[in-house]
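**Q** Chains as they are written, first to last, in the numbering used here: chain Y, 1 to 337; chain S, 1 to 471.
In case anyone wonders, no lab produced these hints; they're calculated from the structure. Just so it is clear, the structure is predicted and the values come from calculations on it, not from any experiment. Where a beta carbon is used, it is the ideal one built from N, C-alpha and C, also for glycine. Check each hint, because a few of them may be wrong.
Ranges between beta-carbon positions, derived for each pair [said to hold, decoys possible]: (1) Y:Lys182 - S:Lys68: 39 to 49 angstroms; (2) S:Phe299 - Y:Lys182: 51 to 61 angstroms; (3) S:Gly288 - Y:Ile33: 39 to 49 angstroms; (4) Y:Ile33 - S:Lys68: 49 to 59 angstroms; (5) S:Phe60 - Y:Lys182: 21 to 31 angstroms; (6) S:Glu262 - Y:Asn135: 34 to 44 angstroms; (7) S:Ile182 - Y:Lys177: 35 to 45 angstroms; (8) Y:Lys329 - S:Leu122: 28 to 38 angstroms; (9) S:Asn58 - Y:Phe129: 21 to 31 angstroms; (10) S:Ile182 - Y:Asn308: 49 to 59 angstroms; (11) Y:Ser95 - S:Lys68: 34 to 44 angstroms.
In silico negatives: residues of chain S with every beta carbon more than 12 angstroms from chain Y [as the list claims (entries may be wrong)]: (12) Ser55; (13) Phe185; (14) Lys221; (15) Thr285; (16) Ser324; (17) Lys367; (18) Arg421.
Calculated Cβ distances over 12 angstroms to all of chain Y for the following chain S residues [to be verified]: (19) Phe168; (20) Ile189; (21) Ile320.
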Amino acid sequence: MRYLFFIFILFLNINLHANEINLFTTRHYESDIELYKKFEKSSGIKVNIVTGASKPLEKRILEEGDSCIGDLLFLADAGRLYSAQEKGLFKKTKSENLEKIIPSQFRSKYWFGITKRARIIYYNPDKTFSEEIENLTYESLADERFYNTIAIRQSNNVYNQSLIASIIENRGAEYTKKWLKKFVNNFSRQPQGNDRAQILSVAANESKFAIANTYYYALMLSGKKGKEQQLAAKKVMPFFPNQKGRGTHMNISGIGILKYSPNKDNAIKFIEFLLTPDAQKHIVSNSYEYPIIEGVKPSKLIQEMGLNFVQDDSTKVSSYGRWQKLAFKLMQEAGWN
Amino acid sequence: MTFIFGVFSAYLVTFYKFYGVNFFKYSLILSFAIPPYIYGYSMSAFFENFGIFYSLINFFFEIEDANKFLPKLSPLTSIIISLSLTLYGYVYLISRTSFSSQSANLIDLGRSMGFSNFKIFLKIIVPCARPAIFIGLSLVAMETLSDFGTVSYFGVSTFTTGIYNYWFIFDNLKMANFLSLILLFFVLILFAIENSMRKNSRFHSLKNDGRKQKIFLSGFKGFMAFLFCFGLLGISFILPFFQMIYWSLKFPEYYESLNILELNINTFLLIFCTASILILIALITNFGNRVLKNKFLGFISNLSISGYAIPGIIISVSIISFFSILSDMTEINFKNVFIGSIFGLVLGYFFRFYAISFNGIKSNYLKINYSIDESSYLMGFTRFKTFSEVHWPIMQKNIFFIFVLIALEIIKELPITLILRPFNFETFSTKAYNFASQDLIEAASIPSLFLILWTSIFILISLNYFFDNRK
């Protein structure tokens, strides 16, 4: 009993600690934690962390209401940011400084994009003619000529839902519904595994094309997954689709200040810190994402994939959240497991 | 599959003698040490294109395009394999206990009728142990129903993932809760069946007359038996275990980012708090049931153990909602005390694992004859004294065993810890999950290894209890 009391006092102490921020995050990078340590050193503000999955965190914050001691919620998909915003978890935050450096399609009144990632196509250069992939778009992957060629992960994956949501936003639900039927018909296998498994499927000649986020490919190239995976990644080439149209599908990781944040000023300082060139450099060199601010280069491996591609900057990322549920429904209807 | 693995391996080690039989008798329980989700991670990394199996083929046979020879497992097959190989231990343990208490007379009878060994197994041994096997299978079924880590990793649509899809994608928590209510209903039916089976099983068991002799398997048959047990142990424990060791050695840099001491302290703090409270309350309720003999109380306490089959994630959400409503009603802030604190975690574990301590203590009490209580009262002992001087000494050792069982579950537990924990609080399972979800299974191997190490140690120190008490 005495121990319990002791623990209780301990927690009260933590809660009363003044110069700190409490961060909920769905980003699981160890390198992020190193970065937060840097912030602690330079600002004297302690960063307390809980990592987890987005919906349970949402629920926890929502139910805790005004007694929630969390200050910030860091989420790894634009649709999830939208969902948290819709539930009223975030506080409106105005910062001219932040608005100046983050492009408008990657932020809202409630949250700010911190990093970008592209969801692109991968192909095997030995098995693919250059005419085949000329002017390739996400939409054209539903063409009959690509029957039995495409590897992509399951429909319950949020990045897939965001990709399909962007097609709904640009082409409408009717078009997407018909398009999905043909697209799913072109799958080379039953969807399974993560993004890396799709790239491996192309490297192993099981599939001709794979769709995956850019950082998975760079992770394989980096050798952090071992020599075999590095060699496998080298057999595969990245391709940035929709270059003549709206550009390649971009998604973001973003952060927002929680409605009842007890340390709001510290929280803003933290966001501003994440958008300094040094912090952006640290994040993207470890996670292989794209920086959201100008003037910072991504990791070498990402640079080698090519930086001069057209990014989709006409589609607001907040639209992903609006269409995700519909996207999932249509994907399921099209037989995408 | 759990049925085949569990029952057949139990049959072999109980009725036959072959090379290494005593080793297998104990070591097959080690499959308990690995949580299904960790098994799933390591299996998919083993068989993926350019994965470890690929490297092995490449190394030994120098085949360029080794990917062709990899078994292409569908997500559903992968889940079935992960769950069966980590859960067959339940069936193994329970059927082994049941087999070894079977009468040799029955088997002799079968033999005199000219049955082959296989026919004896099929027609006599298995039917006699049917209730025990069923109990084992129902435990497996409950674990399967409440599994989150594995199904979400492989992304197969099961009833449980249906619940998550409603919540995570359609944002419809009400529907998700409704579905889990149906799930709970299923589980209660399973419970009812299990309970009635237990009652029946008393009529089945003939006394073991102790003159049963193991048949010595030699030559080819002995080798096959050895191969089966070794293969089972190999794929369910040795293979994933060594794969983790291989990764830890190959990528030692991940070791630095871990604060091992803190992880150990956190894990043991949780075990200690939860297990003490669970055991204390289970003792009180069981003792109360025994003394008061109130049917309604008995019913309530039976109901309270159904938490074992509720997915942890649903338990955590219920705790969050409950305290938020309670705080609104009473205007006392319970939320800071129970959400994001050790208390909340302990409470979550309490609901989830109460069944273990309650059933464990109940089965102990069943073994203490009521006449002992009566003689203690005649000697003028109070009820409390009866408990502390009579019951407690008898049960002491078994309570240690229950402690170990709870510890095993808490070390492996993932969803409750993930959702309800306080800031800056990590355990081995949350660390492993974090690494695995950033696609660095190699880094996840170190926390997983520690996790498996601790569970194995707990299993090893209580090996004897596993065979004496799990009936």
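**Q** All hints are to be evaluated individually against the structure, with a verdict given for each.
**A** We went through each hint and held it up to the structure:
no.: 1; hint: Y:Lys182 - S:Lys68: 39 to 49 angstroms; result: violated, 29 angstroms
no.: 2; hint: S:Phe299 - Y:Lys182: 51 to 61 angstroms; result: holds, 58 angstroms
no.: 3; hint: S:Gly288 - Y:Ile33: 39 to 49 angstroms; result: holds, 48 angstroms
no.: 4; hint: Y:Ile33 - S:Lys68: 49 to 59 angstroms; result: violated, 41 angstroms
no.: 5; hint: S:Phe60 - Y:Lys182: 21 to 31 angstroms; result: violated, 43 angstroms
no.: 6; hint: S:Glu262 - Y:Asn135: 34 to 44 angstroms; result: violated, 54 angstroms
no.: 7; hint: S:Ile182 - Y:Lys177: 35 to 45 angstroms; result: violated, 30 angstroms
no.: 8; hint: Y:Lys329 - S:Leu122: 28 to 38 angstroms; result: violated, 49 angstroms
no.: 9; hint: S:Asn58 - Y:Phe129: 21 to 31 angstroms; result: holds, 29 angstroms
no.: 10; hint: S:Ile182 - Y:Asn308: 49 to 59 angstroms; result: holds, 54 angstroms
no.: 11; hint: Y:Ser95 - S:Lys68: 34 to 44 angstroms; result: violated, 56 angstroms
no.: 12; hint: Ser55; result: violated, 6 angstroms
no.: 13; hint: Phe185; result: holds, 23 angstroms
no.: 14; hint: Lys221; result: holds, 40 angstroms
no.: 15; hint: Thr285; result: holds, 20 angstroms
no.: 16; hint: Ser324; result: violated, 4 angstroms
no.: 17; hint: Lys367; result: holds, 31 angstroms
no.: 18; hint: Arg421; result: violated, 6 angstroms
no.: 19; hint: Phe168; result: violated, 5 angstroms
no.: 20; hint: Ile189; result: holds, 28 angstroms
no.: 21; hint: Ile320; result: violated, 5 angstroms
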